[in-house]
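J.: The hints should help you fit chains B and C with the ligands onto chain A, whose structure is shown.
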Amino acid sequence: MDYSRLIEKALKGDRLATGRLLSIVERDPRGASMVLESLPEREGYHVIGVTGIAGSGKSTLLSRLLTHYADKGYRCAVVAIDPSSAYSRGALLGDRIRMQMHATNPNIFIRSVSTRGLKGGLSFAGVAMIDVFGRLGYDKVFIESIGVGQADVDIMRIADTIVVVTVPGLGDDIQALKAGVMEIGDIYVINKVDKDREGANKTMEYLLFAIEAGELGHRGWRPRIVKTSAVLDEGIDELIDAIEEHYRFILGTGRYGSGRERRREILVRLLAEKMLIDALESIEIETGKDLYEGALELLRRVTARYVDTTGGGEA
Amino acid sequence: MTDYREDFLKKLRDKVEKWERETLPKSLSRYPERMERFTTLSGIEIKRIYTPLDIKDTHYLERIGLPGEYPYTRGIHATMYRGRIWTMRMFSGFGTAEDTNKRLKFLVEHGETGLSLAFDYPTLLGIDSDDPMAHGEVGVTGVAVDTLKDMEIIFDGIDLGKVTTNMTINPPAPILYSMYLAVAEKQGVPREKIGGTTQNDPLKEFIAQKSYIFPPEPAVKIAMDLVEYSVRNTPKWNPISISGYHIREAGSTAVQELAFTLADGIAYVRHLVERGHDVDSFAHRLSFFFDSHINFFEEIAKFRAARRMWAKIMKEWFGAKKERSLWLRFHTQTAGVSLTAQQPYNNIVRTAIEALAAVLGGTQSLHTNALDEPYRVPSEFAAKIALRTQQIIAYETGVADVVDPLAGSYYVEWLTDKIEEEAWRYIERIERMGGMIEAVRKGYPQKELTEASYRFQKEVEEGIRKIVGVNIFTEEDEEEVRNVPLLDIDPNEVEERQIRRLREVKRGRDSARVESTLNNLRDAARRGENIVPYILEAVKAYATEGEIMNVLKEVYGVWTEPIIY
Amino acid sequence: MTITETERIKVLVAKLGLDGHDRGAKVVARALRDAGFEVIYTGIRQTPEQVVEAAIQEDVDVIGVSILSGAHMTLMKRLMELLREYGADDIPVFLGGTIPVPDIEPIKRMGVREVFLPGTSLREIVEMIRQAGLERRKRRGW
Ligand code: B12
Ligand SMILES: Nc1nc2c(ncn2[C@@H]2O[C@H](COP(=O)(O)OP(=O)(O)OP(=O)(O)O)[C@@H](O)[C@H]2O)c(=O)[nH]1
Ligand SMILES: [Mg+2]
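Chains A, B and C, in that order, give the protein sequences.
Numbered per the numbering used here, the first sequence spans residues 1 to 315.
Numbered per the numbering used here, the second sequence spans residues 1 to 565.
Numbered per the numbering used here, the third sequence spans residues 1 to 142.
I should point out that these hints are in silico values taken from the structure, not numbers from a laboratory.
A hint or two may mislead.
Said to hold, decoys possible - Label pairs and their in silico Cβ distance ranges:
no., chain 1, residue 1, chain 2, residue 2, range
1, B, Asp131, A, Glu261, 49 to 59 Å
2, A, Tyr206, B, Tyr60, 53 to 63 Å
3, B, Arg527, A, Glu205, 30 to 40 Å
4, C, Gly119, B, Met133, 27 to 37 Å
5, B, Glu493, C, Gly111, 51 to 61 Å
Note that CB positions come from ideal geometry on N, CA and C, so glycine has one too.
Bound conformation, chain A alone (with noise of 0.2 Å):
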């Protein structure tokens, strides 16, 4: 099929023909390689991951993030990537209810993806559409996780720069964090300052403490720690000024292109998987098998595909 057209007038930053040029990326890893091999390449565009405790207020950090770097002037998407509902093929994809607010305004460009059934929480069409969105010429690309385990550190694994949420006071939020995306932040936040101005400073100790003994940071990178309301709009400047300093760092040490290289990588990964998924899928609606019978289900064709193919056995 030809995208040309779609193509020509989503550079031109037509809102229509980028959402279903989205589309396109979506609906199959063949239309997303030629859609990305079509768009020309493009240096600079950042990706910003955040990430950090359920409920710590990412998503409302997010979107304060969003008006300020619109005002400014620069163009904005965000990745919404949604964990589809486990027991049904269909999903209901709720992050962008906290960033309607936004969705008039010409800077910013919201699109949500379901993880359609992906345990990571990571999807072929949601890695895609970072570039696809960097190549159309926004700025800054946004995409969030909730931070737990390696599945999220996975996530943020593609973006440029990392921000880890964190709220006021000492516990076992910060705890369970560490075993997930606690280590890889560039920049940490300590929102919710609001409610609890003496917890935050405790936080701040901590923060300051692991990063002296070196448990936090790396290569090369002090991590920053930025304390914000993002109810009362507080601390944002500071902190699209620690981001903006980590891209500079990237830039300027030759690292802004690892994590394009990153996204590529997973994308293979991702596609892999991705063929597998939909192999047991049609399994799972042909036959009405869950997933890991499905899975034997699939080990019993594919053994059957063999032996029939070597001469005559049975299915």
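T.: For chains B and C with the ligands alone, coordinates are given in the frame of chain A:
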């Protein structure tokens, strides 16, 4: 320990067993039961029959008692409707102040005994009629109020010293209350004499009604400002109506309605106590509002359980001493959501049954829905039938002549206990979460409601729940529907008229005074003071509702819903 | 037509205007999800502009609007105009909620595919939306 003699219980048990062995099977074989499981509308499984065995542990003296005495299961007054019939209070309002003034007078002429104002969307959300967001919504579902001027017209020719008025208003409640006060002042009615209710219940807005504006904490703070101010200045006013109605209509079960409402009440009492008020200084002014749904006995049991639980909460949790602090006084509305767009005249019957349940449950005041409920705010014709329904119950049926006639019914007492028990479980869960404000932030009650309403809808879909005209006894012909006379409003015309008046008021007022009263309000809000006196000043200067709300939004911020399905 | 393809039908469930009645919208959203759709819910208090923007950014196959506030004539008119302006009027639009019978015809004349009154079965809603979604996909050659 039980109220019954052990040997009696034993004999009864034997008898029931024998009945189950001998009488029942014969009957079952000839007349198999219609369903495998029978449940109330809320999903409580019910048995075939109830006997003293089911309530053997319900001590009459402690748990049922006498009307007008703790724990008030049988009613808050000793004589109930033998003394005075409940207040017939029809929720009404549409168009501009003139239109609504006419409707109020019409209802009073036809025997309504209390007023109840419905506001339009812009008013509910603190937006002026000339705001672009208000376009198309002015005066459609309630009366449009922008300034004191509108309230003056609504109550033109109505003596605020003689009527009581309920106002279904939430975030802007202090503004509407202030307007009411200002009108009373102009009419020369002393503050001590004015009576009525402001709904002013922010927590259920997050849970169910969704006309929230501020985040939970400031929303509760503002609402409690009004309670504090009202208790001191207008001793006959109910500054809050802690509402289960909306929770139920949004899809909850009866148990959830009861539990979440009481949990909201607990949060408010706690807030006021933390502010340094003696519980007995305000508790008597808290009022409640429940739904009366179509599952007859379940509703009656719910009302009875509600009274008993609240009395216990006030006495045992908060140490209230005054008798009136223990009373759960409540308004009831029949279940709008039980009414159908199909075969709309059947709605009269549903409403009558629901109203009867409210009366048998001991309500203090009642709104009955009109037959055109699923279409538009009621026409005069439909509203009158709804009012007449109450009058028939009050004056013809005899149910108002005796207090709590269903007490002692094995089924009703069992169900009352059952609902209470399940409601406590919810309340405990909410307490463990840190109370209702925290639960609401986490979206817990919201989630429970979404689940329950979806479950119900699926049951209707599967035919487990039967609704006449919807999934049984359906008819193809829509003639009946087409011929229902609907209230005739032209939104564009209303909007124009309203905006014209708003402009006139703005032209005629002292804008420096508006400015300074708004600045004073802002400062007071920033200092954390009670904001009601400042709002009153702004209202009297003819500041618009929108202007006042914008100041408050600036100080307190606005709320966006967490993602809950 | 395999189920995998219908599965991906994307529906925007939107609440237009100041209306806070979300019970019906949420019930419908869940029913659609359970039937395998991808549903995006806008939340309450949306302007027509916001809804159209959400629809094109998400590139949905169907828009389902819920209005119980009586403001449907004004709001739907604006919504349909905007869709045309954006060139997105190939997206089928459905309306549910409190719609007096005499308003149904004028609303359909605005280009709304179907109006669902209170009491409509979820099965019927799901089927109509599925059909409309599939048709649109077909038109796009999907
Ligand atoms: C429940 C209810 C409430 C609840 C709402 C709870 C909630 N969170 O949703 C409460 C008690 C809070 C409430 C409050 C008010 N209400 Co009300 N409410 C109703 C009631 C009784 C039922 C609505 C309902 O939820 N039904 C159950 C659901 C499942 O049905 P449904 O929404 O109709 O959905 C079905 C179809 O319409 C369709 N559908 C609906 N949406 C969608 C979307 C899509 C995409 C599709 C495909 C289909 C579809 O499919 C569904 C399944 O069949 C109606 C009257 C009635 N009987 O319909 C009045 C009604 C809608 N309310 C009304 C009014 C006036 C109000 C208030 C403004 C009153 C006031 N002045 O204070 C407030 C405003 C609240 C607010 N913030 O918006 C009026 C509106 C009048 C008008 N349009 O002209 C009505 C019609 C009652 C009346 N006649 O006065 N209300
Ligand atoms: N007091 C205060 N509350 C905040 C702040 N930021 C967010 N919140 C509130 O915290 C709650 C959760 O906010 P979200 O933005 O949904 O948090 P999240 O981290 O995206 O949540 P999940 O995506 O569910 O993990 C909401 O009720 C917000 O209003 C803040 O700075 N101060
Ligand atoms: Mg979030």
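J.: Does each hint hold? Answer for all of them.
T.: Okay, the hints, checked on the actual structure:
1. B/Asp131 <-> A/Glu261: 49 to 59 Å: At roughly 51 Å between Cβ atoms, A/Glu261 and B/Asp131 fall inside 49 to 59 Å, so the hint holds.
2. A/Tyr206 <-> B/Tyr60: 53 to 63 Å: 60 Å Cβ-Cβ, so the 53 to 63 Å window holds.
3. B/Arg527 <-> A/Glu205: 30 to 40 Å: holds (32 Å)
4. C/Gly119 <-> B/Met133: 27 to 37 Å: holds (30 Å)
5. B/Glu493 <-> C/Gly111: 51 to 61 Å: Since B/Glu493 and C/Gly111 have Cβ atoms about 26 Å apart, the given range 51 to 61 Å is violated.
Hint 5 alone, counting from the list given before, is not met by this structure.
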